[in-house]
Amino acid sequence: MKFFILTLALFASAVQVDLSHCPLSCSHNGECHEIYEQEGNLNSTLSMWYECQCYDSFRGQGCEECAENRYGSKCVSCPESAHKVCGGHGVCEAGIKGSGKCLCEDGYTNESNCSEESNFMSTWPHKAQSITLLLSSSVLCVLMVFSLIKLPFHCLPDSVGSISLGLFIGLIYLVYFTDTNLSNGLFFDPQTFFLLIIPPIMFDAGYSSNKEKFFTNIGTILMFAVVGTIISALIFGFAIYACCNFFNLYELSLTESLLFGSLISAVDPVATIAIFEAAKVDTTLHMIVFGESVLNDAISIALFKTFAQFAENEKELELGNIVIQFTYLFVGSISVGVIIGILSALVFKVFKLSDHPTLETAMFFLWSYIPFVLCEALEMSGILGLLFLGMIMAHYTHFSLSEESKITTHQTFRTFAFIAENFCFVYLGLSIPLNTRSILWSVISVSILLLLSSRGVVVFLLSPICNYFRIHKINIKHQILIWLSGMRGAVAFSLALSLPTKNPDVIISTTQYLILFTIVILGLMTYPVLRCLKLRVEDVVITRHGDSIHKDLYDANSPRDSDKAVTILERIEEIDKQYIQPVLRKTTVIEKLVES
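If you use mature numbering (1 follows the signal peptide of the UniProt record, and there is no 0), the sequence shown corresponds to residues -20 to -1, 1 to 576, in order.
Careful, some of the hints might be misleading.
[Stated by the list, open to error] With a cut-off of at most 25 Å between alpha-carbon atoms, the simulated DMTMM-like pairs for lysine to aspartate or glutamate come out as follows: (1) LYS332 x GLU550; (2) LYS329 x GLU383; (3) LYS453 x GLU550; (4) LYS566 x GLU383.
[Said to hold, decoys possible] Ranges of calculated distance between the beta carbons of each label pair, as one might list FRET restraints: (5) LEU441 x VAL330: 27 to 35 Å; (6) GLU554 x ALA222: 47 to 55 Å; (7) GLU60 x LEU154: 23 to 31 Å; (8) ILE501 x LEU123: 24 to 32 Å; (9) VAL303 x GLU383: 44 to 52 Å; (10) LEU323 x PHE449: 30 to 38 Å; (11) VAL330 x LYS107: 42 to 50 Å; (12) SER127 x ARG511: 47 to 55 Å; (13) ILE428 x CYS512: 16 to 24 Å.
Hints in this document: simulated from the structure, not taken from any laboratory.
Owing to the predicted nature of the structure, the values given are computational and were not obtained by experimental measurement.
Positions of the beta carbon are idealized from the N, C-alpha and C atoms, including for glycine.
Given the sequences, and given the hints that come with them, work out the whole structure.
Dropping the structure here:
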C-alpha cells in the first residue's frame, strides 16, 4: 500500500528595494524588501509584496511607531543611571509624543540625565531665562488686558487674550529656540501652583465678594455650587470612564475618571463674570452665577482631594469612606477658615495696630495664609479654608483696619489675584505648543460633549427645584445662559497638573483644550445669546478690575430666595449687628455718632 502524504512547503526570498515601494517609505526608519513567497509545489502561484523591516528602535507597518520603551521622533530610550531611569531623580518624558529625555528634579542636571547634582551657578542662567520669558509675557498680558478694557465692545473674557498671548509666544519659541534647558525650566511642579498661584485667587474671591448679594441668594447658590458640582463631577466621571473603556478610546481607571470629573467641574468666576459685567446682565442672574462660581471652585478642589487620597493610597472606592472623607474635608476646612477669621478680628481689634499701617498690613497678609497651611497640615482643603477666611475677614477684620490699610490690603489682594489668574492663563497658552503630552482628539471630543451634557443636567434639573422656593424665579432664558456660562480656568488647569496618577498626560492635554473650548467658544457665544434671548439689562454692582464694597450680609432690595429664607437671613443679620459685630468690629467715631 502506498501512502501519499500531502505537505506544504514554503519557498520565500526577499530583495531590498527602494523605500518608495513600501508603506510610508518605511518612515525612513527601516529597509524596504520585496518579498516572494510560493506555497506547495513549484507549479503553484508565486505571490509577491513589499514589506518594511524596521530598525531596532521602530515598529509598525510603515515603521512609524516607536518600539516599546522608546519615545520621540528618533525613538530614543529613556536614559538610565545606576540601573534607574533618569537616575531616580527625574521622570522620562514618555507619552505618545514624548521625547525620551529626562525632566529632572530641582537640583539635578539634564546633562547627566538627572544622575548628578547641579550647583546654583550652573542652572541659574537657564532658570533666569525662563523667568524672564514668563515675566515679559505677563507684562504684555497686562497691556493686552488694558487694551481690551478700552475697547467699546467687549464680548470675550480677558483670559482669551492671556491664553492667545501665551500661545503666540510659545509658537515663536518653538520655531526659533530649541534650548532644552529653557524648555524644561518653563514647566513648574504642581506645588508651585497650589502654594503661589491659587491661594491669592481664592482669598480675593472671598474677601472681595459682594456678601449682601451672596447671602440673599444663599439657597440657590448652595444648590448649584455644592449639590450641582457633586452631580456634575459624578456624571462626567462615570460617563468618561464608560466611554473611554467601552469604545477603547483610552484606558482610564474609575478613580482617574472621577478625579477628571472633579477637576473639570471647577468653573472659572473671572472668565464667566467678565462677560456678564460687560453685557450688564440681569442682577439676579449675575449674582447667582457669581456666587456659584466662587464657591464651586472650593467644592471641586475638596472633591478632587477626596478622590486623590484614594488614588495615592491605591484604595478601592467605597461610598461610605468617600462620604466620610468629603464631609471631614468640607466641614473641617470651613471651620478652620471661620475660626481663624474670628481670631483675626479679635486680634486686630484688641491690639489696635491702626497707628502703624506697615505692621498692620504685614500682620494682615501673614494672617491670611495661616488657614491654608493649617488645613493642608490637617489633610483638609486649604483653598476652601481661604475662601471662608476671606469672607470673615472682609466682614469683621476689615473694619478694624486703618483707612490706609483698608485700601492697601484690598488693592494688593486684587492685584495678586489678577497677576496669578493671568499668569496661569499665559502659562496655559505657553504650555500648549511647548509640552509634548499626549493629545487624543477622540477623548477631547467626547469630553466636550460630556461637559456640556453634565452642566445641562445640573442646571435644568436643579433650577425647577430652586424655583419652588424662590420668589424671583429663574426663567428658562436665565437657565440657558447659566448653562453656557460654565467656563473653566485656572483652578481646573492647576488640578490637572497635580493629578496623582502614573500617566496624567491625556487628562492634562484634554483639560487644556476643554478650557480653550469653554473660554473661547462659549465666551464668543455668550454675548450673542444675551442679545438673542433679549434678557433684561441692568447695572451691576461689581466692576471689572475695580473696587468692591464691603456691605452687610443682607440687602432687602436684592432679588432673593423665599420669604422663609429672607426671614432667617433678617434674623441672622439682626443677631450679627446686635451681638457679634460689637465684639469683633472696631467701632469708629462716625458709627458712635450714628448710634447716639
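Hint check:
no.	hint	in the structure
1	LYS332 x GLU550	violated, 31 Å
2	LYS329 x GLU383	holds, 14 Å
3	LYS453 x GLU550	holds, 21 Å
4	LYS566 x GLU383	holds, 12 Å
5	LEU441 x VAL330: 27 to 35 Å	violated, 49 Å
6	GLU554 x ALA222: 47 to 55 Å	holds, 51 Å
7	GLU60 x LEU154: 23 to 31 Å	holds, 28 Å
8	ILE501 x LEU123: 24 to 32 Å	holds, 25 Å
9	VAL303 x GLU383: 44 to 52 Å	holds, 47 Å
10	LEU323 x PHE449: 30 to 38 Å	holds, 35 Å
11	VAL330 x LYS107: 42 to 50 Å	holds, 44 Å
12	SER127 x ARG511: 47 to 55 Å	violated, 24 Å
13	ILE428 x CYS512: 16 to 24 Å	holds, 22 Å
Against the hints set out earlier in the document, violations occur for numbers 1, 5 and 12.
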